[in-house]
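Protein chains in written order, with this note's numbering: chain B, 5 to 284; chain D, 5 to 284.
No lab work stands behind these hints, which were simulated from the structure alone. Don't take each hint at face value.
Said to hold, decoys possible - Lysine to aspartate or glutamate pairs mimicking DMTMM-like chemistry, simulated, CA-CA at most 20 Å apart:
hint : chain 1 : residue 1 : chain 2 : residue 2
1    : D       : K58       : B       : E259
2    : D       : K169      : B       : E168
3    : D       : K181      : D       : E212
4    : B       : K181      : D       : E168
5    : B       : K58       : D       : E259
6    : B       : K181      : D       : D185
7    : D       : K202      : D       : D232
8    : D       : K283      : B       : D178
9    : B       : K58       : B       : E74
10   : D       : K58       : B       : E168
11   : B       : K169      : D       : E259
12   : D       : K169      : B       : D178
13   : D       : K149      : D       : D102
14   : B       : K170      : D       : D59
15   : B       : K58       : D       : D185
16   : B       : K260      : D       : E164
17   : D       : K76       : D       : E212
18   : D       : K181      : D       : E164
19   : D       : K181      : D       : D211
20   : B       : K283      : D       : D59
21   : D       : K181      : B       : E164
22   : B       : K260      : B       : E163
23   : B       : K170      : D       : E249
24   : D       : K229      : D       : E32
25   : B       : K202      : B       : E163
26   : D       : K260      : B       : E259
27   : D       : K271      : D       : E249
Each chain is listed here by its residues.
Protein chains: 2
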Amino acid sequence: MNESRNVVVEAPIGVFDSGVGGLTVARELFEILPYEDVVYFGDVGRTPYGGRSKDIIIQFTQQDMAFMLEQKVKFVICACNSASSVALEEIKNDYDIDMIGVIEPGAAAAVKKTRNNRIGVIGTQATVSSNAYAKIIHDVNPDIKVFSLACPLFVPLAEEGYVEKKATYMIARDYLKTMQDVEVDTLILGCTHYPLLKHVISIVMGDEVTLIDSGEETARVALRKLADDNLLNPASSQRPAREGERRFYVSDVPEKFSQVATRFLGKPVDNITRVDISKY
Amino acid sequence: MNESRNVVVEAPIGVFDSGVGGLTVARELFEILPYEDVVYFGDVGRTPYGGRSKDIIIQFTQQDMAFMLEQKVKFVICACNSASSVALEEIKNDYDIDMIGVIEPGAAAAVKKTRNNRIGVIGTQATVSSNAYAKIIHDVNPDIKVFSLACPLFVPLAEEGYVEKKATYMIARDYLKTMQDVEVDTLILGCTHYPLLKHVISIVMGDEVTLIDSGEETARVALRKLADDNLLNPASSQRPAREGERRFYVSDVPEKFSQVATRFLGKPVDNITRVDISKY
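Only chain B is shown next, with the shape it has when bound in the complex:
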């Protein structure tokens, strides 16, 4: 399918997100595809997407994609659960390039893991309202029961680093009680911020519940897809191999993003450029 397209295998992989959360996907990608160039765009000037309408999330996602295409990427990962849930299906056929979101990889991993056929999904209001995870899970196995729950305070708690606090455990217990009541054995962290609260969520849900990090799964699916489509950068098989170049773009000033990215990625990130995304 890519033969008909003018895709350059040396081109970078594009990753975009409503803000910093997608760095959890990027980190995984850097790990398993170290020789690929990656362009990351974080829409920090308009974050978060999760409480906004389908309409505006589609508009923002189209602008994010326009920027990705300008960067001449060979493949795009939409790392934002809200955008993946409500915009991806609507817009993906408008582009002459492959793009994947975080929903299918997370859903597929959950279907493999569940033993009692009861899967929980936690995410933003947009993700939960879209029912995107449930639709994909039911395509694979209509007998699986899917329970979805919006946990809107998890994003600000994670962003503010308000993690190992008693109040955060209380809010998590409050939100997750219904998930415990319906006895899911697998819980999809359907928002890229939630892995930052993984420890809290795991303690509240208990050891017997498997947590699925959609971001991790997505990076693995991207690797397989690039390999299947012969889109891996040939530099990866040459020795000495050159480490991939990573470029970061954001829609507000880079300082705050730089701090968070450095913390997320475990090393200094300074090649961050500001973009006026409203012009796209």
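Keeping the supplied structure of chain B fixed, place chain D upon it in accordance with the hints.
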């Protein structure tokens, strides 16, 4: 000063905010200026402003103002503390129309209230970093000690209606401990969302601390200013008086705003129009 301007006294008053918070100002305005027409714009598609950079808050505020001018308003209230703190001084001379923010009214009320000359200010990161309240308070009385604190989780807690919860009290006690330690007798609620948490903040701070609601104060200052400048709508002195017309505009779909506005204003709000603010 308004004689040289082409200001129409029958024109509406403009109120804009980063989202729904400014409705606390609008509600007060409807109360004390029932015969004035009011145009409200809430930038719900890009809310919140408080964690963003000065740069982008200025850009958003300029777009909000461009929309206000298109509505041919006679006077503008910037109801957002973050925009008032970081953008107002920078841009207000660019417009041939009077505009006030929420900082000066809140600061003036606090100066009047304090007995021990120790005032606290709580707000978003942008408001606190700008030091706007302290600057104005010190212009009036340099001997007053001002203590400022960002409480970023208060906005999502208020927006999610997560108010009378134990976790919210814990977070408030956590944040406000430093305010108690420095023994302020007056605390400015320097964010239009915070009045929704007034009960919680009041219980944590204790009866002896006066809470200042900048929104309420701002509506009163607007009334005085319009009267001083002979800008009150003559309809207000005619009988039978016609109730002012209220028009609402938002930068995302109106449904969610409509619910919140109806709750805030105590009656159904349905004349809400969507605006693509990125075009301004």
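Going down the list of hints, with the structure as the test:
For the proposed pair D:K58 and B:E259, the alpha carbon gap of about 12 Å is at most 20 Å, so the pair holds. Straight-line distance between C-alpha atoms of D:K169 and B:E168 comes to about 19 Å, which keeps the hinted pair within the 20 Å bound. Proposed proximity of D:K181 and D:E212 is supported: the alpha carbons are some 15 Å apart, at most 20 Å. With a CA separation close to 18 Å, the supplied pair B:K181 and D:E168 stays within the 20 Å bound.
Distance hint between B:K58 and D:E259 is fulfilled; the C-alpha atoms sit about 12 Å from each other, no more than 20 Å. For the hint linking B:K181 to D:D185, the alpha-carbon distance of about 36 Å lies beyond 20 Å, and the restraint is violated. Between D:K202 and D:D232 the alpha-carbon distance is near 32 Å, which puts this suggested pair outside the 20 Å criterion. For the suggested pair D:K283 and B:D178, the alpha carbons sit about 41 Å apart, so the restraint of at most 20 Å is broken.
Among the hinted pairs, B:K58 with B:E74 is inconsistent with the structure: their alpha-carbon atoms are about 24 Å apart, more than 20 Å. Proposed proximity of D:K58 and B:E168 is contradicted: the alpha carbons are some 30 Å apart, above 20 Å. For the proposed pair B:K169 and D:E259, the alpha carbon gap of about 34 Å is over 20 Å, so the pair is violated. Taking the CA atoms of D:K169 and B:D178, the gap is about 10 Å. The hint holds against a cut of 20 Å.
Taking the CA atoms of D:K149 and D:D102, the gap is near 30 Å; set against the 20 Å cutoff, the hint is violated. In summary, the hint linking B:K170 to D:D59 is not supported, as the alpha carbons are separated by about 35 Å, beyond the 20 Å threshold. Restraint check for B:K58 and D:D185: not satisfied, since their Cα atoms lie roughly 45 Å apart, outside the 20 Å limit. Between the alpha carbons of B:K260 and D:E164 the distance comes to roughly 25 Å, so the proposed pair goes past 20 Å and is violated.
Taking the CA atoms of D:K76 and D:E212, the gap is about 44 Å. The hint is violated against a cut of 20 Å. This hinted pair does not check out: D:K181 and D:E164 have alpha carbons roughly 23 Å apart, beyond 20 Å. Restraint check for D:K181 and D:D211: the C-alpha separation of about 15 Å stays at or below 20 Å, so the hint holds. About 16 Å separates the Cα atoms of B:K283 and D:D59, which keeps this hinted pair within 20 Å; it holds.
Taking the CA atoms of D:K181 and B:E164, the gap is near 18 Å; set against the 20 Å cutoff, the hint holds. A C-alpha spacing of about 11 Å is found between B:K260 and B:E163, which places the hinted pair at or below 20 Å, so the restraint holds. With a CA separation close to 47 Å, the supplied pair B:K170 and D:E249 exceeds the 20 Å bound. At roughly 15 Å between alpha-carbon atoms, D:K229 and D:E32 fall within 20 Å of each other, so this suggested pair holds.
The suggested pairing of B:K202 with B:E163 holds, with an alpha-carbon distance near 14 Å, which does not exceed 20 Å. Taking the CA atoms of D:K260 and B:E259, the gap is near 32 Å; set against the 20 Å cutoff, the hint is violated. Simply put, D:K271 and D:E249 have alpha-carbon atoms about 14 Å apart, close enough for the 20 Å limit, and the pair holds.
In this structure, the earlier hints numbered 6, 7, 8, 9, 10, 11, 13, 14, 15, 16, 17, 18, 23, 26 are contradicted, and the remaining ones agree with it.
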